Amino acid sequence: MSQGYLALVLHAHLPFVRHPEHEESLEENWLFEALTETYLPLLLMIDRLAADGVDFRLTFSITPTLASMWSDGLLQERYLERLDRLIELGTKEKRRTRHEPALHGLASMYQGQLRTIRTAFVSRYRRDLIGAFRRLQDQGTIEIIAGAATHAYLPLLLVHPPSVRAQVRVGVDTYRGLFGRKPRGFWLPECGFAQGLDSVLAGQGIRYTIVETHGLTRAVPRPRYGVHAPVYTREGLAFFGRDPASSKQVWSAAEGYPGDFDYREFYRDIAYDLDLGYIGPYVHRDGIRTDTGYKYYRITGKTERKEVYVPGRARRKVLIHAQHFLSEKKRAIGRLSAVMDRKPLIVAPYDAELFGHWWFEGPLWLEALLRLVHRQRRTLRLVTLSEYLDEYPVNQVAEPAPSSWGNRGFSEVWQNRSNDWIYRHLHQAGLRLERLARQHPTARGLTLRALKQGVRELLLAQASDWAFMMNSGATATYATQRVKSHLLRLDRLWKDLRRGAVDRQWLSAIEAQDTIFPSIDYRLFSADKTQGGAMPRDSFRGGRGKPSKEGGTSGV
Amino acid sequence: MKRLRTVQRVKGRGKVDHSATPAAKSPVERRSAPSPSRRYGGPIEQVRADQQLVSEETELPETYGETKIVLVPVHPFLVHVYWDLSPEHLTKIISRKRRSRSSKGPWPTLRFYDTTGSGDAEVQGDSFDVDVELQAMNWYVHIWKPARSYVVELGLRTAQGKFIPIARSDGARVAPASPSKSREERYLLVTGDYEQVEPVSPAPAAPLPQTREAPAHSAEACPNFSEPEGWFLGSEPWPVPDAPTSAIEEAHAVTIQSISSPFPGYRKAE
Chain A
1 MSQGYLALVL
11 HAHLPFVRHP
21 EHEESLEENW
31 LFEALTETYL
41 PLLLMIDRLA
51 ADGVDFRLTF
61 SITPTLASMW
71 SDGLLQERYL
81 ERLDRLIELG
91 TKEKRRTRHE
101 PALHGLASMY
111 QGQLRTIRTA
121 FVSRYRRDLI
131 GAFRRLQDQG
141 TIEIIAGAAT
151 HAYLPLLLVH
161 PPSVRAQVRV
171 GVDTYRGLFG
181 RKPRGFWLPE
191 CGFAQGLDSV
201 LAGQGIRYTI
211 VETHGLTRAV
221 PRPRYGVHAP
231 VYTREGLAFF
241 GRDPASSKQV
251 WSAAEGYPGD
261 FDYREFYRDI
271 AYDLDLGYIG
281 PYVHRDGIRT
291 DTGYKYYRIT
301 GKTERKEVYV
311 PGRARRKVLI
321 HAQHFLSEKK
331 RAIGRLSAVM
341 DRKPLIVAPY
351 DAELFGHWWF
361 EGPLWLEALL
371 RLVHRQRRTL
381 RLVTLSEYLD
391 EYPVNQVAEP
401 APSSWGNRGF
411 SEVWQNRSND
421 WIYRHLHQAG
431 LRLERLARQH
441 PTARGLTLRA
451 LKQGVRELLL
461 AQASDWAFMM
471 NSGATATYAT
481 QRVKSHLLRL
491 DRLWKDLRRG
501 AVDRQWLSAI
511 EAQDTIFPSI
521 DYRLFSADKT
531 QGGAMPRDSF
541 RGGRGKPSKE
551 GGTSGV
Chain B
1 MKRLRTVQRV
11 KGRGKVDHSA
21 TPAAKSPVER
31 RSAPSPSRRY
41 GGPIEQVRAD
51 QQLVSEETEL
61 PETYGETKIV
71 LVPVHPFLVH
81 VYWDLSPEHL
91 TKIISRKRRS
101 RSSKGPWPTL
111 RFYDTTGSGD
121 AEVQGDSFDV
131 DVELQAMNWY
141 VHIWKPARSY
151 VVELGLRTAQ
161 GKFIPIARSD
171 GARVAPASPS
181 KSREERYLLV
191 TGDYEQVEPV
201 SPAPAAPLPQ
211 TREAPAHSAE
221 ACPNFSEPEG
231 WFLGSEPWPV
241 PDAPTSAIEE
251 AHAVTIQSIS
261 SPFPGYRKAE
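For the protein sequence lines, the chains are A and B, in the order given. Take the first sequence: its position 85, counting from 1, is numbered 85 in this note's numbering, and each next residue is one higher. Take the second sequence: its position 268, counting from 1, is numbered 268 in this note's numbering, and each next residue is one higher.
Because the hints were derived from the structure by calculation, they are not lab data. There may be inaccurate statements among the hints.
[Stated by the list, open to error] With the C-beta cut set under 7 Å, the calculated list includes, among others, these residues of chain A facing chain B:
no., residue
1, Arg218
2, Gly226
3, Val397
4, Gly409
5, Ser411
6, Gln428
7, Ala443
8, Leu446
All of these numbers come straight from a predicted model, not from anything done at the bench. Heads up, the beta-carbon is just placed ideally off N, CA and C, and yes, glycines get one too.
Same shape as in the complex, but just chain A (with noise of 0.2 Å):
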C-alpha cells in the first residue's frame, strides 16, 4: 500500500498550423519538431515501459488542433520529407566531423535517433498517432484528457458565453470522435480558470479539470488540504491544484533540472554555426536558418564558450534527477500524510513539449522516473486523475480563484498593451455568428459551407498562442497576420451572407487552407445555454445586451 499519490499530466499542444499555399513552412516546423523530438519519443517510452512490465499511469491532453495535425496527410507527407532530409544531413555530418570523434558520435547519434522515429513513425505507429493513444488509454495506463477547440485562453472570451460554450463542446466533440469514449477531465487552456467556466465544462459532462496553485489556495473556502486533495464546485465538478514544488523543479531554467551544465544546449545547432553553402539544403528554402536539431554542445555554465555534450554524463545526471525528484515527492508524501486523511496528491502538468523539445533528456528523465516509481511502491504511486476521483469521490466544496499558470499567476500575458487590440474583434466576431446562426437555422448548400467556414474561422482566431506570440515579440508578425486573416475572413463571410450572395470559389479556397473541423455544427453559437452549461449572474459577460439592443442605457 502506498502513502500517496503522483498525478503526471502531459499538456500537447501546438497551434493550428497548415500552409499549403507554401512549399516549405516554418510553422509546420514545430509540429515536425515536437513529432521527432516528443510526441514520439514519449509513445516508444510508454511502449518499452509496457513491454518490461512498468506499472505507471499517465495522463495526456492532446489539444483538438495538433489531433488535427497528427492525422492530415499533407502535414505527415511534409514530416516524412523533412525526416528524410536530416537524415541525409546526417550523412554529411558524419563525414564532416569524420576527424572529430566526440561530434562524429553524435552525429551518429541523432542520425540514429532520426531512423528510429522515422521507423516508428511508418512502420510502428503506421502514422496515426491518435491511434497510438487511443490504444494506451484503452490499455488503462494512460488517461487522455479533452481540450478546448483551438485552446482559447477562456476567462478572456467569457464576455461571450457562445464562444466559450463552442470552444468547450468542439473540444469535447472532436475527443469522443478520436478516442471514441466521453472526456472525463478537461484541460483549461493555459489553466486559465474564471468564475462561468466551470458551469460550462459540468454542462459538457465533465468531471474534473486542473488549476494553477492559486486557483485552489485562494478558492473560496479556504480548501483544507490546499492542492494535495481536489474541490467540487456545487455542481460537483472536481478541480485539482498544480503543485508548486514539482513545477519549479522541473520548469525553472535557474533552479529545476533542464538548466543542468551537463544536459545538452538547446540554441546550439549546426544551423547558425555553419556556411549557409553547406546547410543550405537543410534550412528553409530562403535561406532562413532553422534548427536541424543537430545540437553538439552541452549548456556549460554562463558562457558563450560551449563544450561538447557527452550523452553519458548527460545520462548519469538524468538518473541523479530523477532519483532526487522521487525523493522530494516521497518526503512531501511523508509530511503530507501525517495530516491528512485520505492519501495525498501531488498534481504535476508540464507542457508535453518540454520533454525532449526543450529539455533534450526529459523523455530520459520522465522514464527514469517511472521505473524509479514502480520499484519502490511503497510511499508513492502514479494515479490518474479519474482513479483518485475513483477513489476519494467525497471532497470539499469550494469556488476556484481566477488563475493561469502564466507570467505572474492571472491574464496578463494574453491581455496587455501588445495583444489587447483583439478582444474587440473577437467578442464583435462571436456575437456576429451568433446572430447568423440565429438567422439561419436550417441552413443548407452554400449558405451552410459558408457558416461551417465561419466558425473554423472564429475558432482559428481565438488561438492563445496568438496573443501569447504577440507579447513574447518571437514571431509576433506571423501571429498577428493569423488573428487578421482569420476574423477578416469571417467579416467577409459576414457581408456576404447578409447579402445573400456567397462567393463559392473563395470560400472553397479558404475551406481547403483552414481544414481543422471539417463537420462542425454552427448552431453552436445559437444553442440554447443550457446545453452547454448556464453561466452564472456574477461572471463577467460584458456589456451586452440583447442583440438588437446593445449597449445598456443611454442618457445622453
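Since chain A is already given, all that's left is putting chain B on it; use the hints.
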C-alpha cells in the same frame, strides 16, 4: 543569447503605478520572460505578403458602430475596459460638449461600482470615477480592492458633478490576491457521470488517528497546504490608497453566505 530562459517561470516583482492609466500611454507591465507554456520556434519568422487573407479588406474595422462597454479583469489589481459608440451616441456627445461653455465639462468618465454580493443588476453603493479620453476606446484601470465584483459605466460628468451614463458593462469579478479567510468545510459525494451528487455530512469519513499531533485542517500545521511565500501578487507591497469605497469590506461576509448554502438540507461538517 541564453534562451533556455524560455522554460522558466518568472514571478514578477514590478512596481506598478496605481493611478488610472491611459492604455495608450502607460503600458501594463510587460515582462520579457515568457510564461512556461512557451513552445514556439526560434526568433526568426517568415512574413509573407502572398498569404494575405484572400479578402478585399486588409484591416479590421476601428469601430463596429454599436454602443457598448466591456470590463475584463486582468489581475487582482488591474482591469481593462474597452468601449465602442454608435454614430448617434457619438454625435450626441460631441454636440453636448460643444454646448457646454465650461472648459471642465462634460468630461468622459468611467464610473466603477462595487457590486460584490449584490449582483450586477444593482449599481447602487460605492463607486469611483476615472476620467478617460473617449477616442482611446480602451483604458487600463488599477484597482485597490481585489476579490470583488465591479460594473463600469461610461458616461459624461458635467462641471456641476452630474453623471450622464451612456453605456453599462456586465459584472466582472476580480481575482483574489490572497487565500480566503473562510475555512468552512462542506463535502460532496460525486460518482460516475454525475449519477450521484449529494452532500456528505459529517465529512471526511475517516477520523484522524489520535496519535497525530497537528490539527489536520490547519495550514500552519502543514506548510504544504498554503501557497509558497510570495506567490503571485500575494505579498506584493501594493500600496492601498484611501479608498472612496469605505463600506466595501463588510460585503465580504455576504459573498461567503451566498456561496455556502447551495444544498437544501445540507448540514455543516462538524
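Chain B contact restraint on A/Ser411 - CB to CB distance below 7 Å: 5 Å, holds
Hint check, A/Val397 versus chain B [nearest Cβ-Cβ separation less than 7 Å]: Given a least distance of 5 Å, the restraint on A/Val397 holds.
Interface hint for A/Leu446, Cβ within 7 Å of any Cβ on chain B: Interface hint status for A/Leu446: violated (17 Å vs cutoff 7 Å).
Interface hint outcome for A/Arg218 [beta carbon to chain B under 7 Å]: OK, holds: A/Arg218 within 7 Å of chain B, min 5 Å.
Hint check, A/Gly226 versus chain B [nearest Cβ-Cβ separation less than 7 Å]: 4 Å, holds
Satisfaction of the A/Gly409 interface hint, Cβ to chain B closer than 7 Å: It holds, given that the least Cβ distance between A/Gly409 and chain B is near 3 Å, below 7 Å.
Satisfaction of the A/Gln428 interface hint, Cβ to chain B closer than 7 Å: 5 Å, holds
Status of the A/Ala443 interface restraint (C-beta, 7 Å, chain B): Check failed: Cβ of A/Ala443 comes no nearer than 21 Å to chain B, outside 7 Å.
Comparing the model with each numbered hint stated earlier shows that hints 7 and 8 do not hold.
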